[in-house]
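Chains as they are written, first to last, in numbering that gives the first Met the number 0: chain A, 0 to 343; chain B, 0 to 343; chain C, 0 to 343; chain D, 0 to 343.
Treat the hints as calculated values from the structure; they're not laboratory data.
Hints should not be assumed to be uniformly reliable.
Unchecked claim - Not everything, but these chain A residues come out facing chain B in the computed CB check (under 8 angstroms): (1) Arg18; (2) Gln22; (3) His23; (4) Pro24; (5) Gln25; (6) Gln27; (7) Val189; (8) Ala275; (9) Gly286; (10) Arg291; (11) Phe328; (12) Leu330; (13) Arg333; (14) Leu334; (15) Met341.
As the list claims (entries may be wrong) - SDA-like mimics (lysine to any residue), calculated; alpha carbons at most 25 angstroms apart, straight line: (16) C:Lys111 - B:His278; (17) B:Lys111 - C:Ala119; (18) A:Lys206 - D:Lys139; (19) D:Lys111 - A:Gly300; (20) C:Lys206 - A:Leu39; (21) A:Lys206 - D:Gly38; (22) B:Lys206 - C:Lys111; (23) C:Lys206 - B:Leu166.
We put the beta carbon where it would ideally sit given N, CA and C, even for glycine.
Number of protein chains: 4
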Amino acid sequence: MVKVGIVGGTGYTGVELLRLLAQHPQAQVAVITSRSEAGLRVDEMYPNLRGHYPDLCFSVPDVATLGACDVVFFATPHGVAHALANELLAAGTKVIDLSADFRLQDAEEWGKWYGQPHGAPDLLPEAVYGLPEVNREAIKQARLIAVPGCYPTAAQLGFIPLLEAGLADTSRLIADCKSGVSGAGRGASVGSLFSEAGESMKAYGVKGHRHLPEICQGLRRAAGSEVGLTFVPHLTPMIRGIHATLYATVADRSVDLQALFEQRYASEPFVDVMPAGSHPETRSVRGANVCRIAVHRPQDGDLVVVLSVIDNLVKGASGQAVQNMNILFGLDERLGLAHAAMLP
Amino acid sequence: MVKVGIVGGTGYTGVELLRLLAQHPQAQVAVITSRSEAGLRVDEMYPNLRGHYPDLCFSVPDVATLGACDVVFFATPHGVAHALANELLAAGTKVIDLSADFRLQDAEEWGKWYGQPHGAPDLLPEAVYGLPEVNREAIKQARLIAVPGCYPTAAQLGFIPLLEAGLADTSRLIADCKSGVSGAGRGASVGSLFSEAGESMKAYGVKGHRHLPEICQGLRRAAGSEVGLTFVPHLTPMIRGIHATLYATVADRSVDLQALFEQRYASEPFVDVMPAGSHPETRSVRGANVCRIAVHRPQDGDLVVVLSVIDNLVKGASGQAVQNMNILFGLDERLGLAHAAMLP
Amino acid sequence: MVKVGIVGGTGYTGVELLRLLAQHPQAQVAVITSRSEAGLRVDEMYPNLRGHYPDLCFSVPDVATLGACDVVFFATPHGVAHALANELLAAGTKVIDLSADFRLQDAEEWGKWYGQPHGAPDLLPEAVYGLPEVNREAIKQARLIAVPGCYPTAAQLGFIPLLEAGLADTSRLIADCKSGVSGAGRGASVGSLFSEAGESMKAYGVKGHRHLPEICQGLRRAAGSEVGLTFVPHLTPMIRGIHATLYATVADRSVDLQALFEQRYASEPFVDVMPAGSHPETRSVRGANVCRIAVHRPQDGDLVVVLSVIDNLVKGASGQAVQNMNILFGLDERLGLAHAAMLP
Amino acid sequence: MVKVGIVGGTGYTGVELLRLLAQHPQAQVAVITSRSEAGLRVDEMYPNLRGHYPDLCFSVPDVATLGACDVVFFATPHGVAHALANELLAAGTKVIDLSADFRLQDAEEWGKWYGQPHGAPDLLPEAVYGLPEVNREAIKQARLIAVPGCYPTAAQLGFIPLLEAGLADTSRLIADCKSGVSGAGRGASVGSLFSEAGESMKAYGVKGHRHLPEICQGLRRAAGSEVGLTFVPHLTPMIRGIHATLYATVADRSVDLQALFEQRYASEPFVDVMPAGSHPETRSVRGANVCRIAVHRPQDGDLVVVLSVIDNLVKGASGQAVQNMNILFGLDERLGLAHAAMLP
């Protein structure tokens, strides 16, 4: 039984961790922290959990208590994991960070995008980027795992087969991504109000979004070279889901893209390459730790279109975090994550 | 291992049965029928099920095949179970009917509301109304179970404590109920289009709705007398969920309603009486087989307001059907139904 | 040409005033205030207004400037109009207050519900409750108009024909009301987030809501006696719209309710009594200054059900405010309000 | 006063024509046809129109009656205008076709995409493509106008400034477009159900969509050369709105794109070039005949991103049709179209 701590459990990735871990046969949540809600029972804040955590209350973060856990998840804004990771690792506790703190390997670049100096640059060399489809072996040995962002998960899983095979023109990649509103978190902001985000669609961050350097870092690794990426995120009037529509120039029209994708992910439990001609819907992964992908070559031209969908809170955050935990602790990778998506 | 057949699996209650049974450790779906989709793999129609039923295809309904199952669920329009139930029961197969065919005990009343003669009145004496919170013992012995409708489940569970205790004026009960659009099924109809049902609310069937006699039948049983009920259903722009707002006159202001409700459901695994002052949200039961209830007495007057929420496809249909199956086959009642609701 | 000032124009009732007044041939917005956004062009905040108010900027509220207007609308939280009304009236400016400040005629009751002392009790005797269907003559002479709340508008227009005719049992009225999320305003609050309010329904304020005394005050006036009202508001996943489902006991079954309603509103430009058997949808009034009503007597019982729908931002706020302005200034009551609702 | 006929008025473009023409001071709807609903009053089908067309009923299409109109709008599926246009033109009636019948100038290409032979190829030479921003002079002289499709309007208005200026690499244009569900029409189809299209996003028609040749035809005209376009439409869970995200390679980084766009549309009443750095929202044009555009050059690279939003039922259909009518009859182009969009 893995003893689990969660730092910052009041947001959507926190409650989603609780939902997934409630049905995990080999993990037990021992502590969950929140400064603002300390003392409150988790099911008073999240009534969907009533009956599942009858005694669990939010507590003030405390290194001694957290350090007694086998693993601590950070479901926090950026900066928090920087401050606590070293102490927890020293206590022998594994750290799985759902925030952006250890995703970028270059501390300076991190500082540029997040507007503050990196708080734990000494840990970067050992931080493992927790995309199991790329880094499974490293995850097994890790002490500190950076769970990928939601857009980066959808975009990388869609581009990787083309890049690893050296097929795409890496100088002109495009990721036109659409996200549900829960991606903006549970903080009170006017832009995320029902009456603002409902019945409307818009792009945002076209000038530059924090997930851009993270996606580029992953694509560089896959391509073995620099990449040029245009990333346009959009806010979509739905709660959960990311739909990445990816464009890459693949001049060689003789390659069997369907076979390439199927082979790349043949042994992956959580990547589903759909039949040729498919259009995956985000609802087909709602609540499930799955990325569904379809690859198209419209009008048999040289521009390939990859459609990649995930649930931003599951494969894009908390589910992927649990998947990392399973790998890290030598458990069956599917434990607690085997349920089907909810449709409709 | 319970061998399961499903008749009419292409609708929302069908896919929800498949989703729930996919994670049920003691049940296996052996056959699922659909005349219109015979030959199609279920996960071609419902991609959320990819990986869960790799070999399961819709087949033409056939009594021999269905009769080889331990239990057959009917997820069909009314009339279908009438035609097949007798043969299946004769084959020793249990029948759990999610349609309205055996919900009303009076064949004539059934005919009046459904516009056609009852097709199997001989079976009515043994049909058990599958509301476990009322009929658990009878369910254990049943061959034929009528799973309650969605509105009737929410309304009965909310009213029953008051009626069984003889507290309410039974002549003037009101059920103002709000349903998500999935309650209207997966049939193509203009009224259920996104552009028609979205961003709008309306009442419907104020003159008379088919669930009215079913609710009244259940309330009569609880009250031990005739009841006068006004039932106003509303279509709400959400996919899943029923919110029943129930009004009853309870002249005796000395009774502790909170305690009454808590005691009535103390041992029920799937009814959650929330703390005093609560306002249950339908999302707190999304995807879960739970009914959450709160009871209020506004301004300390004699009108009591009960708020009762369910997921119409789970506790209001397929989840309750699985709960009945568990009881019927002597399994732990929570098997396959223990997961938390999905929020947000 | 009526010279218009708006205090507190950044919220939803403010932008809706601007939308409606942009097409009003006899009104011109001269000044709009907002402390927090002073200096910002209104169409920078509300791009739907681009091209309509090319030079209009938010300014700091200033009595001299506002006092130079013919009329000032308050689209503010409660308390603000209390502070400014006296000075504006002294300057000869009419005041149309969309907030709750002058809706209740009893200052003490106001203080109880709003948690602070009434700030201008001296003005209460002359404040006119701006429901034109009841108070048109008084509105014509008014200096200070309190625009009714959204729930109160829908509920009163639905109940009034029964009460004025002395038909209903006034001791047991029920208003089960469903509101879109814009009713909660544009303030950043967790409960109004898309991911919180979407795909879910809940009741709120069952214990007591600020609109309860306002509705009761209006119903008392119509009935000529005390009334007992149970009011249960619900949050519905749509942006605009209120659906009031009203229940009243009308023992006399011989009365022609349809005729009663049609006659009561025969000369009202903005109340539409729909044909017998109708179920008005909130979308049928989206963006329009209309209240549509249908009256039912289910199962020919003694409980009458009235369905009343409005757009909470139009007939429930800004449209009704403009209607009041038209009456007050002797204009055609329909000016600027004659457009059809937007469907779908 | 322009005497208007509408053929096929029961769909969304039909009701939107009625909404817009109700507030048009120089047009009067004399006849509206529908075979299936003949005899029904239009406001029985569309209660938002109650009070606006008290006497207007759907009638069986009849050339004599339609031929007595000054102009006939076709709001029909493809093929219908083919059959009737010749007779109406012979009667001296102008034809404004909202369907696809006369959008493609090549009858053979039309036949390929629409799966049937073109029904009136003789009329193609005189059919004018009704995009006023390109064809205003031709529209003034036209007898037969083909109103552009919704996607083509948004895409062309966004690309045209770049193409007319010869700045873009025309061989690799991308239009990633997101549409609300009303674009699929009011026909009963499973894919457009609230429970299917809600809370989800998907691409569709990646292999080839009927609007592709129409967009290409318009872009060729603007560029004066062949174009290579990849067009990926997506279904978005909102009722109205199209968001086109357009990608074009513009190697010359010295050009002032903002100025280019502003100059191109300086005198256009219905194209709004937003300030640099803007992200237009579809709700900012809801109900209004406006296309709002922003142009970006992310990371100062050679890939330009244009964001273009319209209401698919207004500037993408019925509003643009009225705009064409105004031009055709020498009226002020803004008549009936000057109202602001509705937000929220």
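Against the structure, the hints:
no., hint, in the structure
1, Arg18, "holds, 5 angstroms"
2, Gln22, "holds, 5 angstroms"
3, His23, "violated, 11 angstroms"
4, Pro24, "violated, 11 angstroms"
5, Gln25, "violated, 16 angstroms"
6, Gln27, "violated, 15 angstroms"
7, Val189, "violated, 18 angstroms"
8, Ala275, "violated, 13 angstroms"
9, Gly286, "holds, 5 angstroms"
10, Arg291, "holds, 7 angstroms"
11, Phe328, "violated, 22 angstroms"
12, Leu330, "violated, 18 angstroms"
13, Arg333, "violated, 10 angstroms"
14, Leu334, "violated, 13 angstroms"
15, Met341, "holds, 5 angstroms"
16, C:Lys111 - B:His278, "holds, 23 angstroms"
17, B:Lys111 - C:Ala119, "violated, 61 angstroms"
18, A:Lys206 - D:Lys139, "violated, 41 angstroms"
19, D:Lys111 - A:Gly300, "holds, 19 angstroms"
20, C:Lys206 - A:Leu39, "holds, 23 angstroms"
21, A:Lys206 - D:Gly38, "violated, 55 angstroms"
22, B:Lys206 - C:Lys111, "violated, 41 angstroms"
23, C:Lys206 - B:Leu166, "holds, 21 angstroms"
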